[in-house]
Amino acid sequence: MFVVNNILLRRETSYNAKLAVKKSWFPRVNALLDRISDSTIEEYTRKLKSNPFARAETEGEKAAAKLIQYVNDVAEHVPGSMSEIQHMREDMYSIVNTDGLPHIFLTLNPSDTNNPIAQVLAGRNINLDTFFHDLSPNSESLERSLFITQNPVAATEFFHASIR
1 MFVVNNILLR
11 RETSYNAKLA
21 VKKSWFPRVN
31 ALLDRISDST
41 IEEYTRKLKS
51 NPFARAETEG
61 EKAAAKLIQY
71 VNDVAEHVPG
81 SMSEIQHMRE
91 DMYSIVNTDG
101 LPHIFLTLNP
111 SDTNNPIAQV
121 LAGRNINLDT
131 FFHDLSPNSE
141 SLERSLFITQ
151 NPVAATEFFH
161 ASIR
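Under full-length UniProt numbering, the sequence shown has 45 at position 45, and the numbering climbs by one with no breaks.
It is worth saying that the hints were derived from the structure and are not from the lab. All residues carry an ideal CB built from backbone N, CA and C; glycine is no exception. Among the hints, a few may not be true.
Have a look at the derived ranges for each label pair, beta carbon to beta carbon [claimed, not checked]:
1. Ser14 - Asp38: 11 to 21 Å
2. Asp99 - Glu42: 43 to 53 Å
3. Val153 - Ser14: 23 to 33 Å
4. Arg46 - Asp99: 43 to 53 Å
The task is simple: from the sequences and hints, build the whole structure.
Okay, structure coming up:
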């Protein structure tokens, strides 16, 4: 399941990532791109991976380092990208501007490990007469946590059922 999600995220990143440059910087960026070759990018990338503080030495590496200052990565519609986070932040600011500041903050976090409904949704047969007798850290709480972590869909169903 996580592998498929990773593949889908990589696909979204590949298809929706773009580079953005201010219009006034077009001549500078064009001149820098002319000085950079594919092999220079590969060598400079390897150098930066091994040492993030490495200095540009060749003319192509210096041009690539300068180009990083002018070009912005725009990853629209990619879950978890900085662009998506910025978009959500802008949405939040616009809601505050139109509706005002929120007066109440409410965080709901139902405990799925100590709730018998969550355990039943996870597929465990439980005895309600003894379920709450021993909640100490070394008792059955580890086993309850394992049941929930092995079935994240049951934890999600419990969360939705308890919030509704």
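Here is what the structure says about each hint:
The hint said 11 to 21 Å for the Cβ distance between Ser14 and Asp38, and at roughly 18 Å that hint holds. At about 50 Å, the CB distance of Asp99 to Glu42 agrees with the hint of 43 to 53 Å. Separation of Val153 from Ser14 is about 29 Å and conforms to the stated range, judged on CB atoms against 23 to 33 Å. Judged by the Cβ atoms, the range 43 to 53 Å given for Arg46 and Asp99 holds: they are separated by roughly 50 Å.
The structure fails none of the hints (numbered hints given earlier).
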